[in-house]
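The listed protein sequences derive, respectively, from chains H and B. Residues 38 to 649 in the working numbering are what the first sequence spells out, letter by letter. Residues 1171 to 1395 in the working numbering are what the second sequence spells out, letter by letter.
Bear in mind the hints are in silico, worked out from the structure with no lab data behind them. Hints may be right or wrong, so weigh each one.
Said to hold, decoys possible - Here are the in silico distance ranges between beta carbons for each label pair:
(1) H:Leu-462 / B:Gln-1342: 50 to 60 Å
(2) B:Pro-1229 / H:Gln-376: 35 to 45 Å
(3) H:Arg-508 / B:Pro-1247: 42 to 52 Å
(4) B:Ala-1190 / H:Arg-508: 22 to 32 Å
The beta carbon of each residue, even a glycine, is placed where N, CA and C say it ideally should be.
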Amino acid sequence: MTPRQLLSVVAFTAAIVIVVLVCVDWSPIALQDPARTLGLNAQGVVRWGEHPSRAPFSVLELALFLGVGLAFVVAGIWAWRSRPTRNPGVLLCIAGWLWLLSGIRRSSDPLAFTLGITLTLMYQPPLLQLALSFPSGVLRSRADKAAVSFFYASWFFAPVAGWAFFDPRLHVVVGESTSRNLLLVWDSPAIMTAVGNAVRIFQVSVGVAIVGVLVSRLRAGTKAYRSAFLPLWLAVIVKTAATVWASLAVIQLSGSLSWEALLWQYPATAIVPLAVLFGLWRYRFARGALGDLMVEVGSAPVSDRLIGALRRAVHDPTLTLLRWLPDEASFVDGRGVSQTLPDRSTGRVSMVLERHGTPVGALVFDEALQDQPQLLAAVRSATSLALENQQMEQQLRDQLIEVRRSRERIVTAGDSRRRQLERDLHDGAQQRLVAVSMELARAQRATDAQEIRGLVEQARADLTNALDELRELARGVYPPSLRERGLAGSITALAERSSLPIKLDLRACNGLPGHVELAAYFICAEAVTNATKYAKAASVGICIYGNEREIQMEIADNGIGGAKPGPDGGLLGIADRAAALGGTLSIDSPQGKGTTIRAVLPFSTDPERDLS
Amino acid sequence: MTLRVAVADDSALLRRGLSALLTSEGLEVVGEASDGEQLLEVIDKHGADVAVVDIRMPPSYTVEGIQTAETLKSKYPEIGVLLLSQYVETENAMFLLKNGAKGLGYLLKERVSDVDEFIDALHRVSSGGTAIDPDLVTRLIARPHKGHDPGDDLTSREKSVLELMAEGRTNQAIGKSLFLGERTVEAHIRSIFLKLDLRPEPEDHRRVLAVLTYLRGVGARREGE
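Using the sequences and the accompanying hints, generate a full structural model.
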């Protein structure tokens, strides 16, 4: 509600009150005139006029009357302000204005009097509309809309029909009436009574029908609906009871008692806006619970506790939280069962929670809650926060697990490399050297010169082999050319030793940090090994380029593809090596289409990178 | 008498080299095997006086040689088994000798190039003696230790005798290598056993075990201090 709207409503209400105050005729004859008694229809006026001891209009009654009207308007303003859809507030204000305006019935001016008697019960249709459209204030079905139009029309025509055949001046038994009824066609108590009875039967039927509709809605509705509607519902019952009592009282009871019954009408009516205020208080209470919700969200992961808090906050025990699974592109409930979002006809609505434009979850709740976007906005942000927390926690866990795994793999890979190295030495160079020493021993003890030459020759050959093996092993431990000739030199050497033709495009290979050079070399070596041993490739291309912060490398072969970083494969080892330096490594190896390994290795390994 | 030898090593290079060496030294190589099972088959078929067994063989390349020695010993107690290894470890030696040191040997592979010593070890093992690699013995004796050790009371001559005893040499061989008379060697040995508080053992292979156990025990005590 804008301040301007508020000002207009207040000004308009004040104007009506002033008009009513100006219209009230305080002359003794007017004060005791039963035709001007607030709230009575033509039949009521006849009955009331028969009471010898009826009390005259008083300042108290005027105050009560204005109080009820103002209560409607105040409640309307409150509803208007605190609800985003202004409809319920507007309806309450209209009811209040119509109520207040019917006060001009106390005027001696025939036009004002006539207008007043016509408007006497006109405050009721807006309330019926509110009841049928509760709590959103928007009539949903065509039947509802038709019914409400019908209420306005019939509530207008019923008094017109009654007063058309009733001249109050002719039918006051005790005292006298000076009220001129402009609606009068001709005076006919019989017709007036018939019309009155018909209207009463009609209105009772309508009342019963509305009660029936509301009861069925109440039963079918969710707890949220019931919770929101209950105060108004109780108020309607009280008000109806008071109306019935008043009608009976006017007819049956003695003057003073019936006067009391008439006065009780006011608080009974005032209960209606009070009930709305109470409903609003319940919403405020719900918003208060949102504070608790935020606290709970702050301390708890997405759990039953969060959902419990959400349900309490919005008074909807059927509220459910669905999580979005991006892999399956569907929402799942708490048990992991896939769920579709409800459409409008089910009476339930969904609110998709998004983060950076992608869904993270959805809330499904009773559509009655849509009436409170502020509450829903708070629930949305609280839930999004919780989901985000959960997601971040999950990401953190995943990353931690991956770091632990890769750390373990790096250590394991180091261990198995040592084991392999020991075995290579044991089975290779060491054996050869033992063999050499045996051959030399035999040569030493041999006498035949030919045999000696043969043994020494054999020993020399074995020594050469042993040296070759040692050299290869040493290269595997650390490529010596890396230290001597840098990355470009050692990769060139790698290419020269390889049995495959390797095309090199090496740029930005100078002045790299040692750890980057070593990682880049091993990535190339592993990729070449993979291409040679497993991929059955015919050629390999190695491309390295970079800038002052990092190098990018791409090693592509034209082999069979289908390479996967297995748990004990070298590919996972180089991926771990890249990750340990804060870099990335991807393996693109579609079946039958060759393998391309791409890696980015930053020069500075800042462990805090990407974490802030 | 020609010593009949079976050779087991998973390296064909060493197997052939060893066979050639032994043959040229006038020993008879009854067969070659690349693992323990093959060795048993060879011996089942041809018999042998001694088997030269690589300690690390298929399938797991750990200490299959020791298991093969056990199997062989339980089946043919009279056949000597000489284990060869790139490394000698006390733990392996004690495991090998746990049921007695009779007819067992454990030497570094490169000992084969000291042909006379190697052939001597083969003869010793085949005749129920023991051959423990000098490296292992030296390592046990030279281990640094804190506090007093009964071994500290040994004279340097006695220490030399102890080493040779631990290698599995006979009194005669000890005397020969230290240029001592056999009686002098026996006197030294008695003195050593007295100083180390060991029960004198008449047989050489029991003596080896007692001495090795003592040396290890001293080591264990030292480490435990």
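Against the structure, the hints come out as follows:
Distance hint check: the CB atoms of H:Leu-462 and B:Gln-1342 are about 39 Å apart, inconsistent with the given range 50 to 60 Å. As the Cβ distance of B:Pro-1229 to H:Gln-376 is approximately 56 Å, the hint placing it in 35 to 45 Å is violated. Take H:Arg-508 and B:Pro-1247: their Cβ atoms lie about 47 Å apart, and the range 42 to 52 Å holds. Checked against the given bound of 22 to 32 Å, the beta carbons of B:Ala-1190 and H:Arg-508, roughly 28 Å apart, stay inside it.
Checked against the numbered hints given earlier, the structure breaks hints 1, 2 and satisfies all the rest.
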